[in-house]
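Novice: Take the sequences, apply the hints, and build the full model.
So the protein sequences, as listed, match chains R and G.
If you're matching positions, the first sequence starts at 1 in this note's numbering and goes up one per residue.
If you're matching positions, the second sequence starts at 1 in this note's numbering and goes up one per residue.
Hints in this document: simulated from the structure, not taken from any laboratory.
Virtual Cβ for every residue (Gly too), placed ideally from N, Cα, C.
Keep in mind that the hints are not guaranteed to be accurate.
A few chain R residues that don't get close to chain G, going by computed Cβ distances all over 10 Å [claimed, not checked]:
no., residue
1, Asn178
2, Ser224
3, Gln295
4, Ser342
5, Arg365
6, Ala536
7, Leu543
8, Tyr620
9, Lys732
10, Lys754
11, Pro760
12, Pro773
13, Asp840
14, Pro842
Here are the simulated PhoX-like cross-link-like pairs (lysine-lysine), alpha carbons at most 20 Å apart as the crow flies [said to hold, decoys possible]:
no., chain 1, residue 1, chain 2, residue 2
15, R, Lys774, G, Lys2
16, R, Lys205, R, Lys280
17, G, Lys4, R, Lys652
18, R, Lys846, R, Lys815
19, R, Lys460, R, Lys510
20, R, Lys756, R, Lys724
21, G, Lys2, R, Lys778
22, R, Lys560, R, Lys517
23, R, Lys846, R, Lys819
24, R, Lys602, R, Lys672
25, G, Lys51, G, Lys80
26, G, Lys2, R, Lys652
27, R, Lys615, G, Lys6
28, R, Lys778, G, Lys7
29, G, Lys6, R, Lys652
30, R, Lys517, R, Lys778
31, R, Lys774, G, Lys7
32, R, Lys778, G, Lys6
33, R, Lys791, R, Lys732
34, R, Lys164, R, Lys228
35, R, Lys220, R, Lys205
36, R, Lys667, G, Lys51
37, R, Lys774, G, Lys4
38, R, Lys778, G, Lys4
39, G, Lys6, R, Lys774
40, R, Lys672, G, Lys51
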Amino acid sequence: MPEKVSEQETQSLGKKRKQQTLQSSQSSQGLSQRSITDFLENSSQDSNLPSPQPGSPKRSRKNSEQPETSKNMSTQQHWRHINESDIIDLTSSPPDIRASPIPNVSVTATKYPRPAPFQPHAGAPRKLHIKNLRKPSKVDPDVYFNQTWNSLEAALTAIFESSKISTSLEELYRGTENICRADRAGELYNKLKACCDAYISDRLKHSIMTSGSWKDDVVKCVVSAWEKWNDQLGMIRSIFLYLDRSYLLTNAGPKLQPIEPTGLDIFRRHIVLAKEIETKFMNGIMTLFERDRQQLPINSSLLSSAIRMVDSLDLYTSNFEPRFLLMSREYYDRLGVLEATSNSLAEYLDECSQQLYKESLRCERYHLDPLTKRSIRLILEETLLINQLPILTDQRSIEELFQKQDHKSLTILYGLLDRIGEPSSHLRSPWEKYILEVGRSIIEDEGRENEMVQRLLELKDSLDTFVRVPFKGDDTLAYSLRESFGTFLNSRTKERSEMLNSKPAEMIAKYVDMLLKGGARGASTGTPGDEDTRLAHSLEQVLDLFRFIQGKDVFEAFYKRDLARRLLMDRSASRDAERNMLTKLKNECGSGFTQNLESMFKDIEISRDAISHFKNTRNYTENARDIDLNVLVLSQSAWPTYEEVPVIIPVKMAQYLESYKNVYCEKHSGRKLMWRHALSHCILRARFAQGVNRELVLSVLQAVVLLLFNDVGAGAYLSYRQIKEGTGLDDKQLIRTLQSLACAKYRVLQKKTKGKDILPTDNFRVNQNFSDPKFRIKINQIQLKETKEEKEETFERVAMDRQYETQAAITRIMKARKKLRHNDLIQMTIDQTKSRGTLDVPEIKKQIERLIDKDYMERLSGPEVWYQYLS
Amino acid sequence: MKVKIKKWNAVASWRWDVPEDDVCGICRVQFDGTCPNCRFPGDDCPLLVGKCGHSFHLHCVNDWIQTESSRGLCPMCRQKFEFVAE
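Specialist: In structure tokens form, the structure reads like this:
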């Protein structure tokens, strides 16, 4: 609209133009001040004109040039002329050619003969008229509705019959839209619903019932009908989309639902919930499940679509789930009873775990609800586990599993019992019984006494494995393992004496002895590492057994005896291992327990120093021939007591020893040395016939006998009496010694008459034909072998020690407390002596009686028994 | 056959050089045993032999000498108690 632009520009450019004109006149024409003012006046007049020329600076400069001015003025006039005659109101609607001209508009426009320039703030009121230009519909709405519905119905029928829809879908969609716009959506919806209703309740249902597989596969019929209907429903929804999205969505209520739910609802009402179908259909699904459980082949995709269908129809919780659970319960009830009674425990356990696993897989596969899955699990646990609990926890069967070391079944059993409660409460008693039984059988097996510890270790290992693997480290069971293990190790039956009862302690001590002597290189095969690590590992294992032993004093006695022997004979495989073991014992039982053992080690150290001191003295250099002397000096109280054996030592040797004794007594005044020849041993270099040289390792007693033969001619006999006189040994020792030399593995001496026993009438001579591939021969020292008396002695000493210990403990307590109640005294005594072995209450009572007899304490009369310490 | 001694591993045990069954005059316990305050006999609880010929557990006689009434005398013979230096 050029008019408008020009008007605006005139206003805004007025000032600008003034300046520009001024500039140009000054520069080009050099006008006087006055003429400038004139021009200014002129131009200001000019600016009042309504429509000057369109203001571009170029043009305005041209304007000021004289020759052109007149021409320019004329154009201006022309512009003005046009404007005045032809101005129109811009705010009114543009004139429509088709519609008749609106008189008002023209009137408003023509009211102002000469419109003022545009003045936005002038505030003159103006009216705005809007006109609806749409052509009103000429068709009757009812007719249109019926027409459209007819075509829609035809389309629906086509959909139902799966034939081609004759009308174009676009048209149908438009029709629906038009009807909805005409406010007749409700009517349309009802018609549509009725149409679908009729179709499903009649034709679809009919087609289901009459289909070929109706009789034998209801599920399949229903599901395929469902799928078909779903497709059809999709199509219907597309056609009626406008209805669905605009009317139904916004007005949704209990009676009015979008097309899809409506379709589902119809299907649900007429098909799935129909009396003649519902039961059959659900039973069909159940049958499928049952067949699946029986591992019969089923159409699993059909089953999952059926489940999906039930789920989409919202019948899952109301119709499907309760039936399913009921049926599952019945099924597994039957199965549980059947399997549990007809199978062994191991098989039943396997079955149960498989069923549980499969059922959970089944729930996953058919997309059953997590809640259903949970219920099913509960049902399975109830029917298969809780109801069959007596069979599951049958003591005998479980023990059998233990015996068979059936880790797999036990793992399952533990896992299953874990589902329904505390497994240890069911497993504990067979577990303990098994441990006690096996343990006792090992301990009481006198034939295999020597393997006892090894077998106990194996047992412990296997039991630990039970706890670790199948029982997942169950605390209660681990605890009862320890408890039962301790029980059988310390069990005390009436007919068995104290001595037999302490068998495990004794055997453990012996086992440790064997380990430390290095005799058990294969004791713990399979453990990695070098020999030292293996030894340490084995010791640790034995110590584990030792912890269970209550009669720790018995162990100590035997251990001490064995340690003494190892030290004296220098038989220890490794000094570090000995130290190690000692430290461990110290940690277990306190320093009081190991004090004696430690002082034994100390004696050995001191003796070593003493002998090196001796070798620096004159006494040594005077006597030193080629005899290497080593002396161990024991402090009597720390070592086991040894019987003194009188023996005549060769003079030279005796002198040699005497010189040592002198040096020792010089160093340690107030002490007396006594030789323990029975414990000494030596190495003899022997030359047999044909220049056979051998070294014999033997006890001093054996050596003394052999040395006698140096003085007789080759092949000459010495009689028993001669030997006895020469050695000064008593009969018992001599017989043993001769036996070891003449009747054992290495026969250095020959007895004139054959036979195993040594008689006082026997004669002996050197076996000239003696030979052995080994250079150094160790002749077994029978006298150091454990005898029955020795063993009994050890026990006796242990019993005595125990009594003294108890008495000492009681006295210590009484001395500290002065006055004490009977029960307190007993308890405190037990506490004090615990580290050395647990005492019996009767034993403590006996010791209290003794102390009362010895006037260490007295019994106070009164209702309660009190004791008073007497100083 | 001739045999020669190559090595001799002798074993000896020591005890206090006092008559057997002799007891400490103070605590009346055998010398081979300990004084009442010790638990392990031997080097840990040594004897002290007086010049007067009376021996006691070191711990026993120590306690005695430290009491004022002892006046440094042997409890047995009331002579000045001096011990034989080792």
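Novice: The structure should be examined with respect to each hint, and the outcome stated for every one.
Specialist: Structure-based check of each hint:
The beta carbon of asparagine 178 of chain R is kept farther than 10 Å from every beta carbon of chain G, the shortest such distance being approximately 116 Å. Every C-beta of chain G lies more than 10 Å from that of serine 224 of chain R, the closest at about 97 Å, which supports listing it as non-interface. No Cβ of chain G comes within 10 Å of the Cβ of glutamine 295 of chain R; the nearest lies about 76 Å off, and the non-interface call holds. The claim that serine 342 of chain R lies off the interface holds: its Cβ sits roughly 69 Å from the closest Cβ of chain G, which is beyond the 10 Å cut-off.
Every CB of chain G lies more than 10 Å from the CB of arginine 365 of chain R, the least distance being 76 Å, so the non-interface label holds. Listed as a non-interface residue, alanine 536 of chain R keeps its Cβ farther than 10 Å from every Cβ of chain G; the least gap is roughly 29 Å. Separation of leucine 543 of chain R from chain G is adequate, the least Cβ-Cβ distance of about 24 Å exceeding the 10 Å criterion. For tyrosine 620 of chain R, the requirement that its beta carbon stay farther than 10 Å from each beta carbon of chain G is met, with the minimum near 13 Å.
With 10 Å as the threshold on Cβ separation, the claim that lysine 732 of chain R sits away from chain G holds: the shortest Cβ distance comes to roughly 20 Å. Non-interface call for lysine 754 of chain R relative to chain G: holds, since the shortest CB-CB distance, roughly 21 Å, exceeds 10 Å. Remark: the non-interface label on proline 760 of chain R is consistent with the geometry, its nearest Cβ contact in chain G lying 24 Å away (cut-off 10 Å). Look at proline 773 of chain R: its CB is around 18 Å from the nearest CB on chain G, clear of 10 Å, so calling it non-interface holds up.
The claim that aspartate 840 of chain R is not at the interface with chain G holds, since no C-beta of that chain comes within 10 Å of its own (minimum 24 Å). Its beta-carbon lying about 27 Å from the closest one in chain G, proline 842 of chain R satisfies the requirement of being farther than 10 Å from that chain. The straight-line distance between the Cα atoms of lysine 774 of chain R and lysine 2 of chain G is roughly 19 Å, inside the 20 Å bound, and the hint therefore holds. Only pairs whose Cα atoms come within 20 Å are accepted, and lysine 205 of chain R paired with lysine 280 of chain R is accepted, the gap being roughly 14 Å.
Proposed proximity of lysine 4 of chain G and lysine 652 of chain R is supported: the alpha carbons are some 12 Å apart, at most 20 Å. For the suggested pair lysine 846 of chain R and lysine 815 of chain R, the alpha carbons sit about 19 Å apart, so the restraint of at most 20 Å is met. The suggested pairing of lysine 460 of chain R with lysine 510 of chain R holds, with an alpha-carbon distance near 18 Å, which does not exceed 20 Å. Distance restraint check for lysine 756 of chain R and lysine 724 of chain R: the Cα-Cα separation of roughly 19 Å lies within the 20 Å cut-off, and the hinted pair is therefore satisfied.
Between lysine 2 of chain G and lysine 778 of chain R the alpha-carbon distance is near 18 Å, which keeps this suggested pair within the 20 Å criterion. Distance hint between lysine 560 of chain R and lysine 517 of chain R is fulfilled; the C-alpha atoms sit about 14 Å from each other, no more than 20 Å. About 19 Å separates the Cα atoms of lysine 846 of chain R and lysine 819 of chain R, which keeps this hinted pair within 20 Å; it holds. Restraint check: the Cα-Cα separation between lysine 602 of chain R and lysine 672 of chain R comes to about 19 Å, which is no more than 20 Å; the hinted pair holds.
Between lysine 51 of chain G and lysine 80 of chain G the CA atoms are separated by roughly 9 Å; this keeps the pair inside 20 Å, and the hint holds. Using a Cα cut-off of 20 Å, the hinted pair lysine 2 of chain G and lysine 652 of chain R holds, with the two alpha carbons roughly 16 Å apart. Restraint check for lysine 615 of chain R and lysine 6 of chain G: the C-alpha separation of about 16 Å stays at or below 20 Å, so the hint holds. A hinted pair counts as satisfied when its Cα atoms are at most 20 Å apart, and lysine 778 of chain R with lysine 7 of chain G qualifies at roughly 14 Å.
For the hint pairing lysine 6 of chain G with lysine 652 of chain R, the CA-to-CA distance comes to about 13 Å; that is within 20 Å, so the pair holds. Taken as a hint, the lysine 517 of chain R and lysine 778 of chain R pair is honoured in the structure, with Cα atoms around 16 Å apart against an allowance of 20 Å. A distance of roughly 19 Å separates the Cα atoms of lysine 774 of chain R and lysine 7 of chain G; the hinted pair therefore holds under the 20 Å criterion. The suggested pairing of lysine 778 of chain R with lysine 6 of chain G holds, with an alpha-carbon distance near 14 Å, which does not exceed 20 Å.
For the proposed pair lysine 791 of chain R and lysine 732 of chain R, the alpha carbon gap of about 18 Å is at most 20 Å, so the pair holds. Distance restraint check for lysine 164 of chain R and lysine 228 of chain R: the Cα-Cα separation of roughly 16 Å lies within the 20 Å cut-off, and the hinted pair is therefore satisfied. Taking the CA atoms of lysine 220 of chain R and lysine 205 of chain R, the gap is about 14 Å. The hint holds against a cut of 20 Å. For a cut-off of 20 Å, the pair hint linking lysine 667 of chain R to lysine 51 of chain G stands: about 19 Å separates their Cα positions.
For a cut-off of 20 Å, the pair hint linking lysine 774 of chain R to lysine 4 of chain G stands: about 18 Å separates their Cα positions. Restraint check for lysine 778 of chain R and lysine 4 of chain G: satisfied, since their Cα atoms lie roughly 16 Å apart, inside the 20 Å limit. At most 20 Å may separate the alpha-carbon atoms for a hinted pair to count; lysine 6 of chain G and lysine 774 of chain R meet this at roughly 17 Å. In summary, the hint linking lysine 672 of chain R to lysine 51 of chain G is supported, as the alpha carbons are separated by about 18 Å, within the 20 Å threshold.
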